[in-house]
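Keeping the supplied structure of chain R fixed, place chain B upon it in accordance with the hints.
Heads up: the sequence lines are chains R and B, in that order. Heads up: the first sequence begins at 1 in my numbering, then just goes up one per residue. Heads up: the second sequence begins at 1 in my numbering, then just goes up one per residue.
No lab work stands behind these hints, which were simulated from the structure alone. Backbone N, C-alpha and C fix where the C-beta goes; we use that ideal spot for every residue, glycine too. Heads up, some of the hints might be wrong.
In silico contact screen, one side only, chain R against chain B (beta carbon under 10 Å); selected entries [stated by the list, open to error]:
{"no.": "1", "residue": "F142"}
{"no.": "2", "residue": "I154"}
{"no.": "3", "residue": "R158"}
{"no.": "4", "residue": "I169"}
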Amino acid sequence: MTTQTQNIRWFWFSSPATFYPLAGTVAWIAGVLAAALMVAGLYVGFVVAPTDATQGEAYRIIYIHVAAAWMSMFLYVVMAAWSAVGLAMNARLSFMMARALAPTGALFTFIALWTGSLWGKPTWGTWWVWDARLTSELVLLFLYFGYLALQASIDDRRRSDRAGALLAIVGVVNVPIIYYSVQWWNTLHQGASVSLTRAPSMAKTMLLGMLLMALAFWMYSIAVTMVRVRCEIRENSV
Amino acid sequence: MLAIARTLVARDLLLAMRRKSDVATALLFFVIVASLFPLGIGAEPNQLRAIAPGVIWVAALLSSMLSLVRLFAGDHADGTLEQMLLGAAPLGVVVAAKALAHWIVSGLPLVLIAPVIALQYDVAAPLYAVLALSLLLGTPILSIIGAIGAALTLGLRGGGVLLSLLVLPLYVPVLIMGAGAVEMAAAGLSSAGQLLLLGAFLVVAAAFAPWAAAAALRISME
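Next comes chain B alone, as it looks inside the complex:
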């Protein structure tokens, strides 16, 4: 089972490498959205420092969702997905592997680039680690829960907009805890509570969401 998951992750990563522009688009989107806020709100450093965690997290949510549409679409179009459904591997494992690959491509770069955005927002240097850690724990949840939405909206007209309507309300707890962790640290308090809760969300989502997404895939493909 692990071997199947490893193969699938490697395959999806290879496919992503062959189409670097898709990966870059979502990343650039993140950077651009985060850069737009100071232009709209004003460059007052205190204000920027206050809104930085929220803005970075909302931008991460949107950017992760942007690439979710493609999570199953490519495999659906060329028939690979049907073979995966027919194959011997448990569908939940297949979904989990694809979500993991999606996170490596779309979530992990955000973790690495977020401190640079935080620099633009004049966030204090000790907070970079908390911000990166909260994104490291939080963005995988976005990929796994998003997989349910991507599976449900597979092949529908207006799938992208619909996907955001389905998935964004479910992202609310992750946003609250993720941005909350950085805000707590900024206030000089311990952010352990939020980070631990994020970790708990991740464990629960990783345990259940792949199976829900697998059920959704079966519904969409029958």
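Next up, chain R with everything else stripped away, as it sits in the complex:
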């Protein structure tokens, strides 16, 4: 037996042609999981979980809001990681992954902002406060838009991939700087009027619902990204 067969071929699926069928399978599995988890998560969140003592029924939006906010930040990091791999290894598939992740990330950022303001109106009495988290989430949305706009305006495929990748990496370096400066700015301006950080002791079912929704959104992101990568592969192999 040669050493060739003993080695696991790590890069077997890094070719678009071999990745295409795998992506189809993964998309199906992740899609079914996403649907099942979402049904379970929404059931736990909206039916099983108790009503919050101080916030009433309005708090239930967090089952969507928190999961979306997690995904929005996580997906940007994943996108930057794929961009870095793409630039380092000059792999077309990595750029396709980064490109496919961006619209979903932007969508989750928007959902997080939107549901946040729906939650803010009954709870804080206003649609929008310049809270550190809200503001940095808004800047994150701008970063996603910048990435999408740059990719859309470059016709040359190779340049568009690489320029977008560089922008994503520059963005991910800046995200923590932006977050902390916004936080400092916020404390300077209005003190600690509203704080999301002191979380009250949460009922187990609430936590379960939130985790289920986070997993559901995660699976949804994988499914949608895989479908989009398959489109990218088809577009590029013509």
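The following block gives chain B in isolation, referenced to the frame of chain R:
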């Protein structure tokens, strides 16, 4: 390497001197934008004093960005940029020198003219120094980070608007610290924290951003 940088800065400054109107446009833009706010908001002195640092900083951001489009465009059009890419000088040094020249032309005048705008906003005289110092530390960051955006959008249709979409979110920390320094001083507190952080941003940006911009130039020019 220093000699190359010095030559490049001198060359870019000479080119800017030959086209004084370009320099003046960005400066006038700054003055006009800053003058529009009282017309829109009202001339109540207390209110003007409160918004002055933010307005001046936002106007500086916009004005710096306005001239960023031209950072590489001229050299790109006449082929000089390609020679720079082929040349022996490290591209990061070339980018840093061009960003420095851009700052001398578009940032430094803002530092000098900002106290005059602050006068219009009835800002207390002791704050002029803090405002000028915050701009002195902050505007070079705008030029260096902006160079990445200018390199990425080189030769694209709608490059100017796209550039602002890419670069403005990255300017957020500079805006917060710059305006924050003046506000702290206005509240009678020490603005050292913000100014030191601005200085730290400047050091980090000067160390890394030129290389990112150089990589972006290579991507755009290949």
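Name the hints, by number, that the structure is in violation of.
none
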